[in-house]
Structure formats: C-alpha cells, structure tokens
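Just need the whole structure built from these sequences, with the hints factored in.
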Amino acid sequence: MTEQIHSRSITLLPDNAQRLASLCGRLNENIHQIEKSLAVKIQQRGNLFRISGSEAAIAGGGKVLEDLYLATVDGKPLSPDQVHLALRETQQPVDQTDETEDSSVIRTPRSSVKPRTRHQREYVRSIHRHDINFGIGPAGTGKTYLAVACAVEALVQERVSRLLLVRPAVEAGEKLGFLPGDLAQKIDPYLRPLYD
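In this text, residue positions in the sequence shown follow the numbering used here: the first is 25, and each later residue adds one.
Everything labelled a hint here was simulated from the structure, so no lab data went into it.
A virtual CB, placed ideally from N, CA and C, is assigned to each residue, including glycine.
Honestly, I wouldn't trust all of these hints.
Derived Cβ-Cβ restraints for the label pairs, each shown as a range [to be verified]: (1) 31 / 132: 48 to 56 angstroms; (2) 162 / 69: 29 to 37 angstroms; (3) 51 / 209: 42 to 50 angstroms; (4) 28 / 190: 50 to 58 angstroms; (5) 168 / 69: 39 to 47 angstroms.
Set out below in structure tokens:
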C-alpha cells in the first residue's frame, strides 16, 4: 500500500529577504537537506513554502522550517550543524515522561539543574551511565555547564573523591607550528592547573 501524498503551505513571518536567504542556504542547500532527510518536497516563493509528502513528514518539515527561521533572527547564516540538529529534533520520537525528566535533574548544594531539551537529557543520562563522554555540538548549548553540574553532583554524593579539570593543549583549529616560541613555550600555558 502506497502512502498518500499530502501538501501544506506555511507562511514565515515577518517577510525578510535576508532571513529567508539564510534559511534556504547557498543554492538552497538547507532546503535540499531538509527534503532529503524528511522525504518531502519543498517549493518556495518568497516567504510562502509549500511542503509535499506524508502527513508526518509535512508536520516535521513545517516545524523544522519554523524553528530554523526563528534561529535566523540574529542575521547570521545558519550553520550545517543547526540544520542537522533541527532535523534530529523532529525525527526522534518524543519520550518525555515525568519519570524520565525527574531522573535527569541534577541536584547540587545550591540548586537543581534541569536539562531543557531532549538532547540535553540524553547527554546527562550518558554522563551518569558512562565514565567517559564526548559532548559535541554548537557553542552555547550547555555541554560544559551540564558536565560540571554532573561532576559537582557526583562529588557531593561522594561517588567521586575529587574533580580533575582539563583543557586541550591546543585550541581547536590551531597548529603548534604557527605559534611563536619553542614547543615548551607553546604548550606550558595550557598545562597550568585550573584553580577557578
């Protein structure tokens, strides 16, 4: 049995050419990524978008377009990471029960820290389950904040005896060869203990 094709039109307001260009991406690459990921067809004329596909895919496509359009309010172009995260957010089933949310709350001496998004809840659960975790994602999404809150919680509950703070020897994207000085002068500032 073939799935019936539906279509829906959405209008993104306010009508702003710069924001629409950022949403669509260079050569409509963001629109093509949404189409490919959600198995929909998107036609655009100005701020009017027509989405065709299955009902679930249309709903997901509309939500992704609206969320990404809201993200363009600062005038900066959308990154591929932002598009990918918005797509992942719509493609995963919603599993938000009270028990799930309560188990991911981080309790520290001064207050409780509650992950806001499903991805943050998954990250906190992963920190609780595994000894080593890698938090990868755009800046400002709470990765370090949640990791430190989990570490403080573990220290207070005496699951660990001390915290060891580390940082990379070289900033991301830098090469040691371009910094002035010999190898020791390049690395020493990054190997000092963190006392804050």
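We went through each hint and held it up to the structure:
| no. | hint | in the structure |
| --- | --- | --- |
| 1 | 31 / 132: 48 to 56 angstroms | holds, 49 angstroms |
| 2 | 162 / 69: 29 to 37 angstroms | holds, 30 angstroms |
| 3 | 51 / 209: 42 to 50 angstroms | holds, 45 angstroms |
| 4 | 28 / 190: 50 to 58 angstroms | holds, 55 angstroms |
| 5 | 168 / 69: 39 to 47 angstroms | holds, 42 angstroms |
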